[in-house]
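Enquirer: With chain A fixed as given, assemble chain B onto it according to the hints.
Chains A and B are the protein sequences, given in the same order. Heads up: the first sequence runs through residues 903 to 1302, numbered per my numbering. Heads up: the second sequence runs through residues 903 to 1302, numbered per my numbering.
Treat the hints as calculated values from the structure; they're not laboratory data. Just so we're clear, the structure is a prediction, and the values are computed from it rather than from any experiment. You may find that some hints are simply not true.
Put simply, identical chains are the same to the list, so a pair is met inside one copy or across any two.
Think about it this way: if two alpha-carbon atoms lie no more than 25 Å apart in a straight line, the pair counts; the simulated DSS-like pairs of lysine-lysine are [stated by the list, open to error]: (1) K925 / K1047; (2) K1013 / K1003; (3) K936 / K966; (4) K1023 / K1187; (5) K929 / K1047; (6) K1023 / K969; (7) K936 / K969.
Protein chains: 2
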Amino acid sequence: MTTNFKDLARIGIALSAERNINKLLEKIVDEARKITYADGGTLYILDQEQQHLQFRILQSQSMKLRKGGTSGVETGSPPVPLQVDGEPNHANVSSHVVLTKQIVNIDNIYKAEGFDFSGAKSYDASNGYRTKSMLVVPMTNHEEKVIGVLQLVNATDPDTKDVMPFNPERIDSVASLASQAAVSLTNRQLIEDLTDAKQRIEEAHLDTVQRLAIVAEYKDKDTAIHIKRMSRYCTVLARGLHLPHQEVEIVLHASPMHDVGKIGIPDAVLCKPGKLNDEEWVIMKQHTIMGAQILSGSESELIKKGQIIALSHHEKWDGSGYPNGLAKEDIPLLARVCAVADVFDALTSKRPYKEPFPNEKAYEILQEGREKHFDNHIVDVFFACLDEVLAIQETFQYES
Amino acid sequence: MTTNFKDLARIGIALSAERNINKLLEKIVDEARKITYADGGTLYILDQEQQHLQFRILQSQSMKLRKGGTSGVETGSPPVPLQVDGEPNHANVSSHVVLTKQIVNIDNIYKAEGFDFSGAKSYDASNGYRTKSMLVVPMTNHEEKVIGVLQLVNATDPDTKDVMPFNPERIDSVASLASQAAVSLTNRQLIEDLTDAKQRIEEAHLDTVQRLAIVAEYKDKDTAIHIKRMSRYCTVLARGLHLPHQEVEIVLHASPMHDVGKIGIPDAVLCKPGKLNDEEWVIMKQHTIMGAQILSGSESELIKKGQIIALSHHEKWDGSGYPNGLAKEDIPLLARVCAVADVFDALTSKRPYKEPFPNEKAYEILQEGREKHFDNHIVDVFFACLDEVLAIQETFQYES
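So here's chain A without its partners, still in its complex pose (with noise of 0.2 Å):
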């Protein structure tokens, strides 16, 4: 006994270490059979519906059977239901366990009486086996709640081999070891389903934030495949800066709504299709003020860096942009990046009022922006990484 409850605690620290659900159903019976002697085991899970036992679980040391879990081998068994025509169904053993939550300890199932075993009567017939010995635990968890139960099959002594009864001195133990393995289920599953959640939402939040890139220039047709270059870019030149992975991933997220300020701007400035007047340009430069607004005061990373890129990324490295004059260092970095990116897409893009330029006359008019425009390192970036701008600029060609 001393060693059991030893080995349950080790057990206990190893159940709750592991991460792998399958794994960790895995390990619950072989350390159940182990404590118990037993020649199989088999694990049920009761689903989210609470109306069936899943069978998850399937091992047999004679028969040398392992399905379920991590072995890629489907158990091939159907669900038992907890109910049958409206009743509680107690035929089954399993079903039978879950709702009492009692042990069930049986020295022969040929011999035993109420419980419906023909199941796993034409089993034994069918693959030469002899079933005799039964425990089976319900996996009751923390909070009272049966969450599976573990079905343990024909004790074996260890020196003769002859399948004998369990020992109820070993009852505790597996009991214990139900429980551990209840709560550590119940924790992973909780881990898991957080971890999923946590993920939906990430990208439930990523595709609004896109989606508000993209109404912000709902009227310009060409704007959406603009914006995947331009953001893609972007991403290159961050990760040519050697910004940090987590910075890259929020460059190419919070670049797309650099434009969504436009959206204030009147059609007749912002649509115009000739070259707009002073008054006019005076209008549009307050794109960039009116994007810096409509991104204020969120506590998203993502839509703080949008509101800095939104409002910075016409500053010139030399002081002459919109809409503070910025200069140099000054220029928040990533409005710097933007600024590279943009340029170059708008460049290279064909417009309502322009045929795109080769990407030659592209090369030069950054090349002369430097200093001026851009900022210089930005640059020799962007240059030291054009193979991977081109695959981009190859890439998204067409609206898809």
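Expert: Just chain B now, with coordinates in the frame of chain A:
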């Protein structure tokens, strides 16, 4: 020893099950003291930067002290640095235990060499206590990371109450407990971190959805407040219809997107001061279809519902609405809800082309719209919940 390990299995379950980190920390010290008959116990947790041990729990039976944890009393003790002047801090016994991952068992700290116990000694001097035996145990989790330290003081003979050295036979148990504690704490911290992260992202998403709604009507200065009122009227109606809590939350956040498609309507139509002619109406009606396009293809329940509302909030009960001329229950329920809320708010608001109608006039129009424009049942709910509607109207009068 048997009882010890049997206890350990029970404790393991209790630690895994505890959801409140402060309670968990207390439980760890309580149980460790029980196992070792210690008069006092303290628990340190390594901070995230892995630079300091934070003093989280202080218990002393004979001093009747319980600090930290759920006690509401600060431990008041400064963190213990793992490095002093750039060198590993082996002088402090707890820091030493973290650095070496080894248990330290001292019979009498006043006779021990190699550690600086001046802190404990000065505590003794000012409190009339006498620290003698000490057992210091690293809390090492399943990734072999030390996450904290358990420090137990003055093992006490349960019969004679004499202070004695810690029994080396108890060390296995307390080491096992410390491991269980470390794994449980790591799991619990992960669950807390995930829960916090999920909540932050959920809030960020709702915030971005709201920006999407506001951006769409950016040219109309009254819009933000219109959206606030209208979405809250919707929740009153949804609750009045006994929709599930979750659906009420969704309508609160999805209804503001109803006019997102207006982004695609030219200023000449959208901002026209007078009445629209037939041709302009054809264009204006497109905002429903454009809105649905902008919101199409999302995995998010919120955006999906937003899409349904954007498309169908101008349908009418008698089939005379747009864009699809749907009638009766063919109009999605949330769109029927938004129709009532949107019209009531439009009627009672000032618009560039009209003064607000008095509520009585708006009530008449809603009543006249029964079975023509509106779902009878929703109009009934509107009047049944009129107090709530008026409270919202009162609260959200001006831009805040």
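Enquirer: All the hints need checking, so say for each whether the structure fits it.
Expert: Comparing the hints with the structure gives:
1. K925 / K1047: both (22 Å within a copy, 22 Å between copies)
2. K1013 / K1003: Within one copy only: 23 Å inside a chain, 55 Å across chains, cut-off 25 Å.
3. K936 / K966: within (16 Å within a copy, 45 Å between copies)
4. K1023 / K1187: neither (82 Å within a copy, 70 Å between copies)
5. K929 / K1047: both (21 Å within a copy, 23 Å between copies)
6. K1023 / K969: within (19 Å within a copy, 61 Å between copies)
7. K936 / K969: Close inside one copy (18 Å), not across copies (43 Å); limit 25 Å.
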